[in-house]
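Each chain is listed here by its residues.
Number of protein chains: 4
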Amino acid sequence: MTKAPTTALCRYTDTQIFYRDRDLVGDLMAGGSGDFVALMMAHILGREVSPREVRVMNAILITMMEHGLTPSAIATRSVYMSAPENLQGAVAAGLLAVGSQFVGTIENNARLLARMVAAPEAARADLAAEIVAEYRAAGRRMPGFGHHLHRPDDPRALKLLEIGAEEGLEGGHIAALRLLGDAVDAAAGRHITINATGATAALMGDMGIPVELMRGFAVISRAAGLVAHIAEERARPSGRFIWELVDKAIPFDADGPSGGRDGG
Amino acid sequence: MTKAPTTALCRYTDTQIFYRDRDLVGDLMAGGSGDFVALMMAHILGREVSPREVRVMNAILITMMEHGLTPSAIATRSVYMSAPENLQGAVAAGLLAVGSQFVGTIENNARLLARMVAAPEAARADLAAEIVAEYRAAGRRMPGFGHHLHRPDDPRALKLLEIGAEEGLEGGHIAALRLLGDAVDAAAGRHITINATGATAALMGDMGIPVELMRGFAVISRAAGLVAHIAEERARPSGRFIWELVDKAIPFDADGPSGGRDGG
Amino acid sequence: MTKAPTTALCRYTDTQIFYRDRDLVGDLMAGGSGDFVALMMAHILGREVSPREVRVMNAILITMMEHGLTPSAIATRSVYMSAPENLQGAVAAGLLAVGSQFVGTIENNARLLARMVAAPEAARADLAAEIVAEYRAAGRRMPGFGHHLHRPDDPRALKLLEIGAEEGLEGGHIAALRLLGDAVDAAAGRHITINATGATAALMGDMGIPVELMRGFAVISRAAGLVAHIAEERARPSGRFIWELVDKAIPFDADGPSGGRDGG
Amino acid sequence: MTKAPTTALCRYTDTQIFYRDRDLVGDLMAGGSGDFVALMMAHILGREVSPREVRVMNAILITMMEHGLTPSAIATRSVYMSAPENLQGAVAAGLLAVGSQFVGTIENNARLLARMVAAPEAARADLAAEIVAEYRAAGRRMPGFGHHLHRPDDPRALKLLEIGAEEGLEGGHIAALRLLGDAVDAAAGRHITINATGATAALMGDMGIPVELMRGFAVISRAAGLVAHIAEERARPSGRFIWELVDKAIPFDADGPSGGRDGG
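Protein chains in written order, with my numbering: chain Y, 191 to 454; chain Z, 191 to 454; chain F, 191 to 454; chain W, 191 to 454.
It cannot be assumed that every hint is accurate.
Copies of the same chain are indistinguishable here, so a pair counts whether it falls within one copy or spans any two.
[As the list claims (entries may be wrong)] List of simulated lysine to any residue pairs, SDA-like, C-alpha gap at most 25 angstroms:
1. Lys193 to Val239
2. Lys438 to Tyr202
3. Lys193 to Gly236
4. Lys438 to Pro310
5. Lys193 to Arg210
Note that these hints are calculated values from the structure, not bench results.
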C-alpha cells in the first residue's frame, strides 16, 4: 500500500485553527493586518511573501479578472440561466474554459523564459533570436506576444512590467522577456507588443512560482470575475437572449463535415 | 467515527471482474447479449429490468439526447473552444446546465404524479382538478404541460406515452398524467399539450425510478448529445463565432441594475 | 425575440480597458492603490465599497479559504491525480461541493436574519424566540449555530463579529444574530455557539449583499484554498493513497439497499 | 467577423423534430427499432453504423462503465454528499477525472496503432519492435499494456478483441495491437497482457473513430457508472465516512515540501 502522505495546510484544536503554522484567529484575522491576497499567496506557495510580491500579485489578479463576454463568461451565463439554484456550477463551467487557448499561453511563455534564465546571461540575446527563429520556422505564434486590438502596445503589459520593475523583482524573467521582445521585433521588422499574458509569465517567473501552478492564480481571479457576471445576470438576464441569438445565427445544413471521421 | 458503509457495485479477483453479482466478461460482455442500456439500468437501479422497461428507457434517452443549440450546448462549445485538450471539461460544463429550469421540471411533474398515485384511485380526478387550481391560483406554470413551439401537441410526448402503453407499464403514473391533462384542459378552456418532460416523468414513475434519480438519466443522455456537439465543433467550429456574436449584440451600458444589491 | 440586455462590466478601446467606469491601467492598477479584494467587491456589487467593508470581506475570505481535508479538497485531489494537465478541472470539481450542506447554511441563516430585520425592532426578540421554536418543533438544526468541535464557542465567529463591530457595520443583521443566539441558548438551556457560518451571514447581510450572491464569495475563497491543495498535491501526492484507503475500507456486500427504488 | 458555421445535428418544425436527417418521432423512436447506443453512435460520428459496430460499442461502453471506488467515484460521492440537490454537479466532478492518467492512455495507444497502420503492412512487425525499443530507452510504460492485478492476462481485453474479431472489424488496428504485443513480450522476455485500454483503442481505431473523440465515449459510459454510485450513495452514504477516514489517515506535518516552489 502507498505510504500515507502528510499535510501542512491546516490543523485544529478545540480552541484554535491553524493555517500552516499560523493561528487563524489570533494572528491572521487579527487587528487590521488580515489581507486575503497576502495570505492566499503564502498558503499556496508555502513561504513568506513580501509586500512587494503582494503588490505585484494584486496587479496580476486585477488584470486577469475581467475580459467581458468571453467564452468563459458565456458558459457561466448559460449554465446560470439553466440552474440558478446552483451558483457554484455556473462558476465551475466558466472556469473549465481556463485552458490551453487563453491562459495556457502564460505557461508556454513561462517555459521559454525559464529556458532563457537557465542559460548564461551573456548567451541570452542569442538564445532569444534562436527561439524566435524556431517559432517562425514552425509557423507558430510566439506565446506572450501580439494582440488583435491593442497595438502598438498592450497597456496592461506595459503597466505590469512597470510595477514589476518598481517593486524590484529579481530573477531575470522580466529581462529575458525584454530580450525576447527585441528578437521578435527584429525578426518581424516592426514592433510587436508584449501582451498581458507575457508580462504575467515574467512576473510570476520572477516570483519563483512553478509554471504548473501559474494557471491556479488565473483560476482564482476568474472566479471573482465570473461571480460578477452572475450578479449582472440576475439583474440583466442574457442567457435566453444568447440562446435565441445563437440558434438563429447558426443555420441547419445537413451536408458538410461531421468531425466523426479522421479527416472528416 | 462514522461506521463504514459497503458497496455492491463492483468487485475483483485476479481473473474476474463482477458488476454487482454478475461476471463482467463471462456474462455481461458475452455472446451477443451485451446491451449497455439494459446493463446500466440494472446497475443503477439494483434490480433486474425487463425488455419492456429497456425499450421504454431507450425511447426516453433518445428523446433527451439532442435539443440543438441550447444553453447546455453553448456552454460545451465555448469551453471546448477554450480547452480542446480537455474534452471531459467541455462535457462537464454542458452537464452543469441540467438543472431546475429544464430537466428539473421532470422532477416537479413526477412529484405531482406521485401525489396522485398515493391517493385512492376514485379520488384522483378530483385531486387533479385541485392541483391545477392550486397552480393557477399561484400563477405558476404546471410542470409537464405546454410547449412554445409544438402545438397543439408535442409529438414526442404522444409517442412516449404510446410506447409506455404498448409495453404495458403499470403503476398508475401514466393514467395520473392523463387525468392531470384533462384537468389542465378543462381549466384552460382549450387543449394544452402534455410535453416530453411530463411524459418522461410518468414513464419513469411507472418504472419505480426515485424522483431524485430521474435527473441522472437525463445526464447520461445529454452526455452523448454533448459529445456530438464536440464532434461537430471539431469540423465546423462555432466557439469564436458565438463569442463575437454575443460580444457585438450585448452593448455596454454603465447605468442600470447590477444585481449586487437587494432589489438592485 | 428576447430584447438584448446590456452589460456594465467591461469595455475596450484601442488604448484603454475599462472595468465598469474605471480605467484599468490608469486607475485600478496604478501607483500602489491596486487592491484585488476591494476591486472585486466593487466589480461584483456594482457600487463603491468602503475600506471598512474591505477589511470585513478580507476576514470573511480568510475564514472560508481553508478547512483541511474536506470532501471539497478530496474531490480536487482525486481529480488532480487523474488529470494533472488540467488544473482548472480539479478546482472546478472541488467548487462543485460548495452546496447546500456546508456553505448553503450561510444562506439559510441569512434568510432568517433578513426576516428579523424586516420586523420592527421592538418585535425582534419575540420573533427570535418564535423562529427557534419553529425549528425545534420541526426537529431541524438552526442554521448558523453549533459546532461539533469548537465548544463552547467557535473562535472564528467571535472574531468575525468583533471585526464587524469594530468597523461599525450597520443594518441590524449582527444585532439580529445576537438576539437569535439568546433565544437559542434560552430554548436549549445552555450556551450554543454562533458558528462561522452564522457570523458570515450577519456580516454579509449588513453589507447589503443579496442572499443569492453570498455563495459567490465562498466560491472565490475556496478556489484559493483548493489551489493550495493542488500545490501540496504536487509535492506530497495523496490521490493514490486516498484511493487505496477508501477501496480497502469500504467492503463489498451484494446485499443491502441500492437506492434505485423508492424507499430502497 | 468570423463567418457563421452551420449545424447538422438538429432541426425543428411545428410538428416534427429531426436528428440530422432522421425524423425523431416517426423514425428513431418508432416501433421497437429505437436503440440509444446505435443512435448515439450515428449522431456523434455522422454516418450510418452497422449492427456489428453497435455490438462492439456496447461491449466497450460496458467495460468502461464501472471500476469501483476509483478517484472518479470518490470525487462524485464527495460532491454529492456536499450538494445532493445538484446531481449533475456530482457527475460532472467525477467526469473531470477522465483525464490523462487513466482514459488518456487509450489515446496514447491509439496514436501508436495509427502510426503502425500508416506503415506498409510488411514493415509493421519491425516498426512494432522499434516503438517498443523507443519506450524502453525512454523508460516509459507502453500505453495499453500491463495491469497491476490481472496477470497474465486482462480478461476484458481478451474478450474485447474476441468480439472485435467475431464482428469482423477491419482496418488493421487490432492486428497492429497484436504485433505490438508480440514485440512487448519479446523485449520483456515474458508475456505482458494487452489491457482493456489497449483493446479499446484498437477497436475504436478499426471503427474509424478519431483519436480526439475516443475519450468522449468513455465520458458517456462513466456518466452512467457515476449515476450508479450516486444511487448507492443515497442508500449507503459514504461521503462522511471517506472524509473522516482521509482526515485521520493524513497527519499534519508542518515540514516537508509545499509544491509552491520549483523543485520544492
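Checked hints:
With identical chains, the CA atoms of lysine 193 and valine 239 are never at most 25 angstroms apart, being 32 angstroms at best within one copy and 43 angstroms at best between copies. With identical chains, the CA atoms of lysine 438 and tyrosine 202 are at most 25 angstroms apart between copies only, with a shortest distance of 12 angstroms across copies and 56 angstroms within one. Taking CA atoms no more than 25 angstroms apart as the test, lysine 193 paired with glycine 236 passes inside one copy only; the shortest distance there is 22 angstroms, against 35 angstroms between copies. Taking the shortest alpha-carbon separations for lysine 438 and proline 310, neither the intra-copy value of 58 angstroms nor the inter-copy value of 48 angstroms comes in at or below 25 angstroms.
Proximity of lysine 193 to arginine 210 under the C-alpha cut-off of 25 angstroms is restricted to the intra-copy arrangement: shortest distance 22 angstroms within a copy versus 30 angstroms between copies.
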